[in-house]
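Take the sequences, apply the hints, and build the full model.
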Amino acid sequence: MSLGGQEYVIEPGDYLFLPRNVVHTFRNSADVEARVISVVSPAGLEAYYQALAELPPGPKDIATIQKIMVEFGIELQLPPGGH
Numbered sequence: 001m002s003l004g005g006q007e008y009v010i011e012p013g014d015y016l017f018l019p020r021n022v023v024h025t026f027r028n029s030a031d032v033e034a035r036v037i038s039v040v041s042p043a044g045l046e047a048y049y050q051a052l053a054e055l056p057p058g059p060k061d062i063a064t065i066q067k068i069m070v071e072f073g074i075e076l077q078l079p080p081g082g083h
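Numbering (full-length UniProt numbering), first residue to last: 1 to 83.
In case anyone wonders, no lab produced these hints; they're calculated from the structure.
Note that this is a predicted model, so its numbers are computed, not measured.
Errors might be hidden in some of the hints.
Stated by the list, open to error - Using C-beta positions, here's what the derived DEER-type ranges look like:
no., residue 1, residue 2, range
1, Pro-42, Tyr-15, 15 to 21 Å
2, Glu-75, Gln-6, 18 to 24 Å
3, Glu-11, Val-70, 28 to 34 Å
For glycine and all other residues, C-beta sits at the position ideal for the given N, C-alpha and C.
In structure tokens, the structure reads:
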């Protein structure tokens, strides 16, 4: 996980506070499924996460995800060299 330009390795049971408006990314480098539990405070992003959850199973199209992000006022910021 990257948070504000710093890299973290998050193991099962770990948690990390993500301050508002700080760029962050998630990446699963393991060969097994990973799950993330997000606690958002104050409330307001539930509909965003629900829209993501309603996407079909399998690899996600970044354009579709970006469209959903825009609908909820979230800006996609790719890392240097990102696609």
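Which hint numbers doesn't this structure obey? none
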